[in-house]
Amino acid sequence: MASKIIRYLTIILLGMLIIQALPIFIKKIKEEYFNMIEPKTKVGLICVNDMIKSSGKTCKYLKKYFEDKNIKAILLKIDSQGGYAGSSEAIFLEILALKKDFPKPIITLTENICASGGYLVAAATDYIIAAPSCTVGSIGSYLGYFKLKEFINNWKVQYEIQKSGKYKSICNPFTETTKEEEELLKNVSESSYKVFLENVAQTRKLSLKDKDIWAEGKVFTGSQALKVGLVDELGTRSNAIKKIKDLAFIDNKIEWVKADKQNMLEKLIDEDDDECAMAMSKILENCITNLLSKKFINHY
Numbered sequence: 001m002a003s004k005i006i007r008y009l010t011i012i013l014l015g016m017l018i019i020q021a022l023p024i025f026i027k028k029i030k031e032e033y034f035n036m037i038e039p040k041t042k043v044g045l046i047c048v049n050d051m052i053k054s055s056g057k058t059c060k061y062l063k064k065y066f067e068d069k070n071i072k073a074i075l076l077k078i079d080s081q082g083g084y085a086g087s088s089e090a091i092f093l094e095i096l097a098l099k100k101d102f103p104k105p106i107i108t109l110t111e112n113i114c115a116s117g118g119y120l121v122a123a124a125t126d127y128i129i130a131a132p133s134c135t136v137g138s139i140g141s142y143l144g145y146f147k148l149k150e151f152i153n154n155w156k157v158q159y160e161i162q163k164s165g166k167y168k169s170i171c172n173p174f175t176e177t178t179k180e181e182e183e184l185l186k187n188v189s190e191s192s193y194k195v196f197l198e199n200v201a202q203t204r205k206l207s208l209k210d211k212d213i214w215a216e217g218k219v220f221t222g223s224q225a226l227k228v229g230l231v232d233e234l235g236t237r238s239n240a241i242k243k244i245k246d247l248a249f250i251d252n253k254i255e256w257v258k259a260d261k262q263n264m265l266e267k268l269i270d271e272d273d274d275e276c277a278m279a280m281s282k283i284l285e286n287c288i289t290n291l292l293s294k295k296f297i298n299h300y
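Numbered by this note's numbering, the letters in the sequence shown go through residues 1 to 300 in order.
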């Protein structure tokens, strides 16, 4: 009885795998067939959307596409208001390093918003195309924190803290911020802003003397950004395709190489932690195997 159940389960699982794999297999055959009839040139497509909280996934595919000799160019599609300074800068520096080691064109297309850290990422690419009404810029830096000391005092809540290090409780919302702490935070923000300015000025060939024009946290439409030198062209996807073909000397059609879709497990864990996702998948597989083993095989 147990052996029959295992056999039926095996058949069902194999059937499910075949059903899932069949469309992919057919699609692959069709792609290979049409590619033989009408060869296409591969171009990598990477999307940077929403808040930039981590650099891992973007850097992973940048490295993959730059190192792949079959991929002749990369299109970076940005729709981001920015995010963490460190993650944005990590992507910026990764693009510059990869461009040096594996020279190939990489351009940016932005339709809605390319601001702050999102713009820093775009600034590392060879060419920026923006929609006329797109929001561009916001080159600046800030540190924000809550002050809740009066709030807890009104509710007669006592808060005590023991610290080692003069500035260890800086930005703590339940304590008063001293003048020295405010000065330290200001210096941190100014230092971050200075690095941001220098990076953009270097890659976009802008003068730091004119930073009042193109920086200082100002936001622009795509049309305004073109005038101050933050973008190179106004346009859409068609313009981006044309520019890629010009820079990469592509005469035929483009085959877009896109990032793999995440499975549910990867979404539940961390989107950048592939090793963790694989480990969790293995644990889940072992659990199912052990469960079947205890349920059926040991009861012969």
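Each hint should be verified, as a subset may be incorrect.
[To be verified] The calculated BS3-like cross-link candidates involving lysine-lysine, where the alpha carbons are at most 30 angstroms apart (straight line), are:
1. LYS77 <-> LYS53
2. LYS147 <-> LYS242
3. LYS99 <-> LYS242
4. LYS69 <-> LYS57
[Stated by the list, open to error] Derived Cβ-Cβ restraints for the label pairs, each shown as a range:
5. GLY56 <-> LYS209: 33 to 39 angstroms
6. LYS194 <-> LEU13: 17 to 23 angstroms
7. ILE12 <-> LEU96: 50 to 56 angstroms
8. ILE12 <-> GLU233: 51 to 57 angstroms
9. LEU96 <-> SER189: 20 to 26 angstroms
10. ASN154 <-> GLY86: 35 to 41 angstroms
11. ARG237 <-> LEU96: 23 to 29 angstroms
12. PRO23 <-> GLY217: 31 to 37 angstroms
Hints in this document: simulated from the structure, not taken from any laboratory.
Here a beta-carbon is modelled for each residue, glycine too, at the ideal position from N, C-alpha and C.
Each hint, compared with the structure:
1. LYS77 <-> LYS53: Distance ~17 angstroms between LYS77 and LYS53 Cα, so the pair holds.
2. LYS147 <-> LYS242: 52 angstroms, violated
3. LYS99 <-> LYS242: 20 angstroms, holds
4. LYS69 <-> LYS57: 20 angstroms, holds
5. GLY56 <-> LYS209: 33 to 39 angstroms: Between GLY56 and LYS209, where Cβ atoms are some 37 angstroms apart, the hint holds.
6. LYS194 <-> LEU13: 17 to 23 angstroms: 58 angstroms Cβ-Cβ, so the 17 to 23 angstroms window is violated.
7. ILE12 <-> LEU96: 50 to 56 angstroms: 51 angstroms, holds
8. ILE12 <-> GLU233: 51 to 57 angstroms: Given about 55 angstroms between the Cβ atoms, the range holds.
9. LEU96 <-> SER189: 20 to 26 angstroms: 24 angstroms, holds
10. ASN154 <-> GLY86: 35 to 41 angstroms: 36 angstroms, holds
11. ARG237 <-> LEU96: 23 to 29 angstroms: 25 angstroms, holds
12. PRO23 <-> GLY217: 31 to 37 angstroms: At roughly 48 angstroms between Cβ atoms, GLY217 and PRO23 fall outside 31 to 37 angstroms, so the hint is violated.
When each numbered hint is compared with the structure, violations occur for hints 2, 6 and 12.
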